[in-house]
Structure formats: structure tokens, C-alpha cells
Amino acid sequence: MTPLNAADHFTLMMDHEVRKSGLAGNLCALVIELDVCPDKDTLSKKTRSFTRRFPLAVASLKKTGRRYAWADRNEHPNIFFHYPYHDAENSDTFQTQTLKKIINRKQALEDILPVELHLIEGEEKSLLALRWFHPLCDAKGIELILHHILNEEHDTKHDNTPVGLDAWLAKQGLWKKIKFAFKARNNIRQLDQLNSTLLNPADKQTDTLDFQVIRYNKEQTANINTQARQYAGMTGTALYFIGCMMRTLETIGCDHEGDGFCVPYAFNLRKRKALFPIFGNHVSFLFSQASRKQLQSKQQLFEHLKEQNKYNIRNALDFAMLPLMEAGSWLNLDRFGEIVRKNPQGTERSSFWFSYTGEIDPPMTKILGCNVTGLFQISPVTAPPSFGILVSQLNGELTISYCFIPEYIPEEKLTQITKRMSLELMDNT
Amino acid sequence: MHDQIKTFITQEIVQLENPDSFSSDDDLLAAGLDSMGIMRLIMFLEKTFGVTLPDNEIEPDNIQTLNRIIQWVERHR
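Listed in order, the protein sequences are those of chains A and B.
Numbering that gives the first Met the number 0 numbers the first residue of the first sequence as 0 and each following residue consecutively.
Numbering that gives the first Met the number 0 numbers the first residue of the second sequence as 0 and each following residue consecutively.
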């Protein structure tokens, strides 16, 4: 049995919350677009080799006492799936519908394969989709998994030495952890003084996650990156996307108007360029929050968000969240979810979900001789907020994947959001 | 305050062989007060006595005995 770390438990709690919202669970996908279809037999062989080297990739989640762990399966399942394209269908529709089926397939917790590789053929491009169950790894981890599937590197560095998040927690003394946990809690209490604005209060039955990908060419991406540097500074790219989306939602109007916007965002605890650890979530998280008044001036908004971020880092609030997650991992999933998601008034704390992964690392231009022409991600959301954005970049071209629950965010509203967001990003309002 | 905190500690946090003999200067950490217990205790103190206890004051000196806990809470009322 391989125990889940504190952040893995956090994502498992989110799986529970996503399921309560009617969706399939905390199933994410990294989707790579290729100019032609790679050889499926080679991919199948590479995938089998990967799961032999890394048996955790086919483990099954089991409850042990109050916590969860990965358990070996008796059989060795196939994790590679191939979807041939037939000329009679519209290629884009076929690929999108197939992806939607993959991320909306409902399964019992113990039946879910931690990683699946799906090859979806098409007329002009093929999609390689790595679907992963979030308690297994974070967004960085799935990039590393893709690297290890394709490169068949030997696992030479896995021993019992704690790494990433586990190493940090193991180094802290009891009193420091408790101090940190309360520091984090006090920060969240402070945030809870503002009620969060939500696109939709979410009161219908639902069972489907949908997504839409908006792509920006090199010129547009360069423009957006310049604006990000001007408004949010050299290290504030993620803040730029968060702030622009806050302003977008404020402009188009939300059904549940609160006092401001509050957005959680994760950050990577691995050493830069590290190829290990592959498995486990090695992230902590912080919140960006702005009042509706602060949103009126773009300049002032980003001065505020930068200052908030500086304060959070200076006070180690990023690391302070880890002991809080560790304490939460001993609670039952329902209770943990309620504490994480809701403010004391019982309102959802997150105005939308957000992820920024930047350029894929290690860099990737070809897969099995095929050119990589695009990349995007898919993530589930809870209802509310029923809406999330995932920002990625490949070879200087930005993609924003809008993930949403269509019952709450109708097509017309989504179009308004994506158009306004583009204007905000390019400072063209 | 004394009785409320004592009852909470002896009934909810630390399993004592003989709760009646528990004194206000007994070492709670030696008696088995662990990290989860400390967190629950602080949350109880804040909720029951309407105080916010600063995270930089969460130290053995303020939590080791019932008397010290009372003094700590009193300083923030």
C-alpha cells in the first residue's frame, strides 16, 4: 500500500465534492494535438513498459482506517485506448465528443485507473489525451508521466526518502506545524470577510462537464505576455490571468453578486527542472482576492493583487497551507470539503477555479515523429462555481481551456466571457 | 473559565486515568496532548471565550498547563 500525502487527500476531497455536484469526479486531462497519427502499436508498447516500471500508475484507491492509500491490483490493466476515425463523421466533433466521454465516464473510486492514455484519430490532426485521477499526481506530474511514457527512462531514483511536499512536512516540528496551520486559518478568516461573487448559485441537477478551448497565435500571445509583465510584473503571469477573469466576470455580470472575487491557485513545490517525484501532488495553494471596488481600475487591481501576493509569500502563507491540508486529511471527506469550500455563512469561497502551467517542461516538439501542434488541459469543477479556466502555453502559443457545467453556464454566457476575456488580456477594453 | 477548559481537556482531549486528581499545574503535553488535541483545544478556546489567539503565540509556554492556558486566554480577552 502506498499512502496518499496531504495534498493527494486534498484532491481526493475535491473528487468527493465534484461527484456531489453530479460529475464523474476529479478526472483531469492533458491533451496534446499532433499533425499526424502516431503509430498506435508503438504507443501501446511504450505504455505497457511504463506501467511495468511504475506499478503505481495502475493501482487502485482503497480506504484504510480514516485515510486512503494506493493498493496493487491483482491484474495488470491496459491503460492505452485507441479511437479510429471514420470519414463519415465531422473530425472535430468526433474528437471533442470522444474527449467529453472520457472525462465524464462515471466509475466507482476503486475502479478508476489513475492514468489512461487515449489516442483519438482525426482527419487533419490526432489527439493524445492523458487522463489522470488527481490524487495520483498534479499537473506537473502528468507532464513528467508523459515524458516517462515516451522516453522509457529507467526508474533509478525512487527510494523511501521523502521528496517534495512530504519532505517539507517531515522536516517541520510539531509546534511549527500548528502555528502554520493557524496562520493559514487566520488568513482564510480574513478572506471570508468578503462574500464571493459566483457566476451561478447552482441549484439544478447535472451530470456533464463541458469545455471550450480558445487559442492565441504567437503575435497575440506575445502581446498578452507583454501586458502581463506591465500590469503584474515579471513573476505575476498567473495573477494577470486571474485579475483579467475577475474583471471579465464583473463586466458581464454574475447571478450571485458578492462583495468581491476570491480565486484559489496552486504552486509547485518541486525543485526546478526536477524529473522526480512523478507521483503525488507536490503543490500548495493560496488565494487571490479583490473587492468589486478594486476591480474598477485595472492598474489598481494589479497593484493590489501583487501586494497581496508579496504579503502572502513574505508571511510564508504558501507553506502555512500544508499543515492545514495535513490536518484536514484526517477528517471525513464531507467535513473536509465543507471547511475548504464554504465560508462561515455557507457560501462557496471560490469564484472560479484556475490553473496556470506555462510552457510544458521538459519541452516537447515531436512525439514518435509527429509534430506537436497544440496543447490544452481539462479539469472538472464543483457546482458552484461551475466554472474554471486552465492556461497553458506551447512554443509561444497560449491556450485557455474554459471548463464549465453547461446547465449553469449557457453557451451565450460562455461566448460573452471568452470574448470579453480576450479583450481584457490584450488590454483592448 | 477554569472548569470549562478542564472539562473540555479531560473529556475531549486527553484520556486521563484519574481525571479527578488532575491539577491546574499538571503537564498536559506529558499527559498526552498531541498536535490534533492542541488544534482542537485552541479552536475551543477561541469559540468559547470569543478571543483570537495569535498564531505566533502558539508555544508550549502558553499551553503546557491549565493555569498557563487560562493566563494566555485572559491576555486576549
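No lab work stands behind these hints, which were simulated from the structure alone.
Keep in mind the model is a prediction, meaning the values are calculated, not measured.
Glycine included, every Cβ here is placed at the ideal spot set by N, Cα and C.
Don't take each hint at face value.
To be verified - Derived DSSO-like pairs (lysine-lysine); straight-line CA-CA distance at most 27 Å:
hint: 1; chain 1: A; residue 1: K418; chain 2: A; residue 2: K99
hint: 2; chain 1: A; residue 1: K297; chain 2: A; residue 2: K309
hint: 3; chain 1: A; residue 1: K124; chain 2: A; residue 2: K309
hint: 4; chain 1: A; residue 1: K105; chain 2: A; residue 2: K62
hint: 5; chain 1: A; residue 1: K39; chain 2: A; residue 2: K309
hint: 6; chain 1: A; residue 1: K105; chain 2: A; residue 2: K61
hint: 7; chain 1: A; residue 1: K99; chain 2: A; residue 2: K203
hint: 8; chain 1: A; residue 1: K45; chain 2: A; residue 2: K365
hint: 9; chain 1: B; residue 1: K5; chain 2: A; residue 2: K61
hint: 10; chain 1: A; residue 1: K178; chain 2: B; residue 2: K46
hint: 11; chain 1: B; residue 1: K5; chain 2: A; residue 2: K175
hint: 12; chain 1: A; residue 1: K175; chain 2: A; residue 2: K270
hint: 13; chain 1: A; residue 1: K178; chain 2: B; residue 2: K5
hint: 14; chain 1: A; residue 1: K365; chain 2: A; residue 2: K292
hint: 15; chain 1: B; residue 1: K5; chain 2: A; residue 2: K341
What the hints assert, rightly or not - Have a look at the derived ranges for each label pair, beta carbon to beta carbon:
hint: 16; chain 1: B; residue 1: Q70; chain 2: A; residue 2: Q189; range: 20 to 28 Å
hint: 17; chain 1: A; residue 1: D206; chain 2: B; residue 2: T6; range: 33 to 41 Å
hint: 18; chain 1: A; residue 1: G357; chain 2: B; residue 2: T6; range: 47 to 55 Å
hint: 19; chain 1: B; residue 1: F21; chain 2: A; residue 2: T346; range: 36 to 44 Å
hint: 20; chain 1: A; residue 1: R66; chain 2: B; residue 2: F21; range: 30 to 38 Å
hint: 21; chain 1: A; residue 1: R52; chain 2: B; residue 2: L28; range: 40 to 48 Å
hint: 22; chain 1: A; residue 1: W329; chain 2: B; residue 2: D24; range: 46 to 54 Å
To be verified - Just a sample of chain A residues kept apart from chain B, beta carbon distances all over 10 Å, derived:
hint: 23; residue: R47
hint: 24; residue: D71
hint: 25; residue: L173
Against the structure, the hints come out as follows:
no., hint, verdict
1, A:K418 - A:K99, "holds, 23 Å"
2, A:K297 - A:K309, "holds, 18 Å"
3, A:K124 - A:K309, "violated, 43 Å"
4, A:K105 - A:K62, "holds, 19 Å"
5, A:K39 - A:K309, "violated, 48 Å"
6, A:K105 - A:K61, "holds, 17 Å"
7, A:K99 - A:K203, "holds, 20 Å"
8, A:K45 - A:K365, "holds, 16 Å"
9, B:K5 - A:K61, "violated, 39 Å"
10, A:K178 - B:K46, "holds, 18 Å"
11, B:K5 - A:K175, "holds, 25 Å"
12, A:K175 - A:K270, "holds, 23 Å"
13, A:K178 - B:K5, "holds, 23 Å"
14, A:K365 - A:K292, "violated, 47 Å"
15, B:K5 - A:K341, "violated, 31 Å"
16, B:Q70 - A:Q189: 20 to 28 Å, "holds, 27 Å"
17, A:D206 - B:T6: 33 to 41 Å, "violated, 48 Å"
18, A:G357 - B:T6: 47 to 55 Å, "holds, 54 Å"
19, B:F21 - A:T346: 36 to 44 Å, "holds, 42 Å"
20, A:R66 - B:F21: 30 to 38 Å, "holds, 32 Å"
21, A:R52 - B:L28: 40 to 48 Å, "holds, 46 Å"
22, A:W329 - B:D24: 46 to 54 Å, "violated, 31 Å"
23, R47, "holds, 43 Å"
24, D71, "holds, 30 Å"
25, L173, "violated, 5 Å"
In summary, the structure is inconsistent with hints 3, 5, 9, 14, 15, 17, 22 and 25 from the numbered list given earlier, while agreeing with the others.
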